[in-house]
Each structure stands twice: as structure tokens, then as C-alpha cells.
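Those sequence lines, one after another, are chains A and B. Each residue of the first sequence is one higher than the one before, starting from 38 at the first, in this note's numbering. Each residue of the second sequence is one higher than the one before, starting from 38 at the first, in this note's numbering.
Errors might be hidden in some of the hints.
One copy or two, either will do: identical chains are not told apart, so a pair holds if it fits within one copy or between any two.
[Stated by the list, open to error] Derived pair list, reagent style SDA-like, types lysine to any residue, alpha-carbon separation capped at 25 Å:
| hint | residue 1 | residue 2 |
| --- | --- | --- |
| 1 | K77 | R254 |
| 2 | K263 | Q156 |
| 3 | K39 | T330 |
| 4 | K39 | G334 |
| 5 | K39 | A285 |
| 6 | K77 | R257 |
| 7 | K263 | E225 |
| 8 | K77 | F134 |
Rather than coming from a laboratory, the hints here were simulated on the basis of the structure. None of the values given here were measured: they were computed from a predicted structure.
Protein chains: 2
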Amino acid sequence: MKTHWIAIDWGTTNFRAFLMQGSKQVSRISQPCGLLSVEKDQFAPTLQNLLQTWLEQYGNLPIVMAGMVGSQQGWHEVPYAPLPCNAQDLASRTLAFTTPWGSQAWLIPGANGTSQFGQPDVMRGEEVQLFGLSALHPADEHFVLLPGTHSKHAQLRLGEITASSTFMTGEIFSLLSQHSILGRALPEQQEDNEAFLLGVRTAIQGAPFTHLIFSARTRRLAGEIKEASVHSYLSGLTIGYELQALPAALHAWLVGSPSLTARYELAASLMDLNFSPANGDDCFIHGLWHLFTQLQGNRS
Amino acid sequence: MKTHWIAIDWGTTNFRAFLMQGSKQVSRISQPCGLLSVEKDQFAPTLQNLLQTWLEQYGNLPIVMAGMVGSQQGWHEVPYAPLPCNAQDLASRTLAFTTPWGSQAWLIPGANGTSQFGQPDVMRGEEVQLFGLSALHPADEHFVLLPGTHSKHAQLRLGEITASSTFMTGEIFSLLSQHSILGRALPEQQEDNEAFLLGVRTAIQGAPFTHLIFSARTRRLAGEIKEASVHSYLSGLTIGYELQALPAALHAWLVGSPSLTARYELAASLMDLNFSPANGDDCFIHGLWHLFTQLQGNRS
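If we strip away everything but chain A, and leave its shape as in the complex, we get (with noise of 0.2 Å):
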């Protein structure tokens, strides 16, 4: 029978944890717990009871962790990975501890390096996730989307990362839903497919970003967008915005919750790109799985 052992994705607001036999997802648990509401010395504790159903079953399972937790303001800060690295660059930098209760416990680095306009980037998590689609879906290239609060595209060479670049699609919808003059005063929101599809084409003219949204308080003062559906129009403006960046008739891999993926492909259906989606928990387990087969290979 294969070994027991628990997958974490540690993040800013969310905790998710994977019960694992081998490969195979057994149970999962998942809680709005990210770093923002654990204090600096209450990971240890806060994790112990989060897994006490899974320990006191299956005793002191090895855990392996990514994501936010390894940040400055996580657990343990472990140094980012330099771009390009691969699986082995990535499982050689993790930083290994024992829990007050006696698992062995891994923290997996993130990456960092430059984007592809020269900026430079970061990413903790998602490096993951790309590895387990590596290993899912082996090619010589990938290149990757992985929608989100900060959405990176990454591209894969050999098993390799070689880039990343973020977009903060997510965080400036939400920005500017929640907080800016053009969210002010709106009914309940409603999925509107056809907003959604006119914020896309709206974005990919190419106008500027800062001038493009403020068409979501002309078009809702011309009559052009119910007042129900300006959420999907600026869905549609930030999202399109995202995508116009990716070079013409690319093939690439679209990485996230069902949901997000369907409305990154229901965008791209409007222009040149060609998205197969792959979904994220699957991509983040096989990936920490890969990881963690290294680990173990490591330590023998």
C-alpha cells in the first residue's frame, strides 16, 4: 500500500489541504484561513488543528507545503528560486523542518526571475502547479496561463521554467468593483455574458488601460450596459485586457477552477487564441507529488 502524506496550498486568504495516498487524493479540506489571519508564531498550532482529524488517523504523515507560506510574512521564509529551474532546481531549495508534533514537514521555494517585458517577477504556488502540468501532460514547450488575483503566464521549455510574467487581473476587478467611482451605487450584479463579451471587445482595441475602464461609467451613463451588469462588463474589460498581452494564434494551457478557465476561454473565443484548460487542484497535487517523490529521493 502506498504511504500517506498531506499536500498544502498555504496562500494570503485561503487554506487548502490534501489528504494523499501515493498520487491519489483521498480527502480535502479547505478554509478561508491564509497567512492574513494567522499570527507569526501561530502556524504550528493553527496547522495542528486544521489536520487533527488526518493525524489522529493516520498518525504523523509527512506534510508538504507551497504557496504565501513560505513568504516573509508565512511560516518559515524560504528564498525564492531563480528562473530558469527545474523540478529538482526547485525540491533542492526547499526547506525541510520537523512540527512541533513530529511530521516531517517540507516548504517548497517560490521562483522568481524576469518577466517577458523585463519586469521583474515572482511567484509562490504557482511554480507547482506547473510542474504537475509538466508532468500530466509532458511536451518539449508549455505555455501556461494561470488565471487569478495575479495571473501569471509562464512558459515551460524541457520541464523547465523559463519565464513568468503576473497580471493583477483579479485584484483591480476587485479594486475596481469594490472601491472606485465605477462600482459606486449598483443594484445586485448578474452574470451578463453579453457585457462580459462587450468589455473583451472593447479591450482588445487597444487602448490604454487607465482611459479603456473608464468606458464601464460611459457606457453605463449612455445606456449601453445595465446598471445589473457592469461587474461582467469590467470582468470582460480586465480579462480581455489580459489576454490581448499574448502573442496571435498562441497555443496555450489555461490552469485554474473550472469556472475561471470557462470564462477565460468563453474571452478568447474572440480572438485569435487557442486555450486548453487544465484543472488547478489536479495540476497543484501531481506537481507537489513530483516534488515530493524527489524529496524523498533526496533524503535516501
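Since the structure of chain A is already known, use the hints to place chain B on it.
Just chain B now, kept in the frame of chain A:
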């Protein structure tokens, strides 16, 4: 002796009134009581209260108003004048009424049209400054930047406003510095021209905006900008991004407060742009005076 009258700029967050004698400013009031702090049926008593001293001294002076006070959320809605339009067009669409205390009052309409990037666009208040600039500095053509919460890039030809594009520069800066991860957990901020100019230099390299701004995080992580200089860097990014949308070798007027136009001039020193600053209040007053003389002409 020339007649006294009152010029008012009543916006979303601020109220400013100028006691005028002909084209000369005699006195002024500035209060943070913009539209957001006035109930829909309280505009008349609020204004009477704000102007009390002048009304007691000079009687029921004529009042000319511009800005968001003429919007749907304002005192009386005045429909936008379509671009292109000149001062006479604007005067002919001005709403005239008598206040409850017997002052003759005029509400100048805003203007709407299509931006230089093909998007619907609107202004309320800036049209007055544009006619003021044109009266103060006559020329066949003006290209004008009016920096602010919603910066405008406008063109005037032979005294007619032909087009305008809004850039939400000031509002985006506020959102990023106050509500985003980029501004989280910062110490007290300092003016730092070096960080500002680094932001401008970074912005004009042409990266997409939602990617560009992530450099405020990565540069902070890498120690390339000081914790106390993040706002200056973000200001450089957002202003640099706005200016990068302008055609090279442009000569433009910069209409605004001296501190804001100085900041735009500093950014432009790194670019092939040639700016002439003009005081925003002077332009506003002269624009309203110009319109007031037309309104009096219309009446007689």
C-alpha cells in the same frame, strides 16, 4: 464699476466658489462639501449657507456653476453638449434658473464625445477650463492635459473642443496605494523624486498596465525601492503610463494646480514631450467669465 458675480466649481468631493468683479477674483471659498455630502433636496440651502457672507454684503449676486453639480447626482441635470463644441454652443445649452433667495443662476453643461481611442468619453467642469485657457492663450490649436482624479487629454481647434480622452490616473493611484496588496503594511510615506522617476522610466518601457504595477511589489521585495517610497514609485508608474499614451514630440498645455503640474513636468523630463503649465483656477475663472459674458449677451 464692473458687476460682481459668483463663479462656482462644484464637484464630487469639493466645493469652490470665487467672488468675482468682472474677470477679476476678489475672494474665494473652498470647502470639502462636494455632491457626495449633499442630499438631493439640500443643494439650495447648502449653497445659500456657503455664500451667506457675500450675499449679505452684495445682495443676490448672479451665480454661474460648472462641474458635477450639473450631473444626474447633482442639483439639476444638464444634458451633455456633444463634441465638437465651442463656448457659444455650451452657453446655448446652459440651464438658467432663479434660486429660492432670488439670485439668477446658470448651470453649465458638460460635454461628451468619442475619445482619441474610439471610446465614449465625458467631462464636466474641464470644458470651462479649456475655454479659459483658449481665452488666456489664443492659438489655432491647443493640446491640453488636465491632470487629476480623472485626467483629461483634450484638443481645441479654433476655439472648439474637438475631442477628449479620460485617464483614471489619480483614482487608480488612490486604489493601488490605499486598497491593494501593493500598498499593504507600509510605513509613513515620503516624497521621493528618485523613486518617482524610476516609476516613470519603468512605465515608459511599454509593459501592459496590470503587469507593470506588479513591479511595485517585486521591486519592494528586492529592496530596489524603499518601504517609505512605494507611493512615489506608484505615482511615477501611473503618471508615466498616462504620458506614454501621448504622441512623441507633442507640445501640450498642462492645466491644474502648480503642485500637480510640476509632478507631470518632472515625469515629462524623461520623455520627448514639451509641456507649458497653466494655473487651473485661472483657467476656470476665465472660462466661466467668458461663458458669463455670452450668457448675458444671450439674455439681452
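> Can you give the numbers of the hints that this structure goes against, from lowest to highest?
Replying inline: Going through the list in order, the structure violates hint 5 alone and respects the others.
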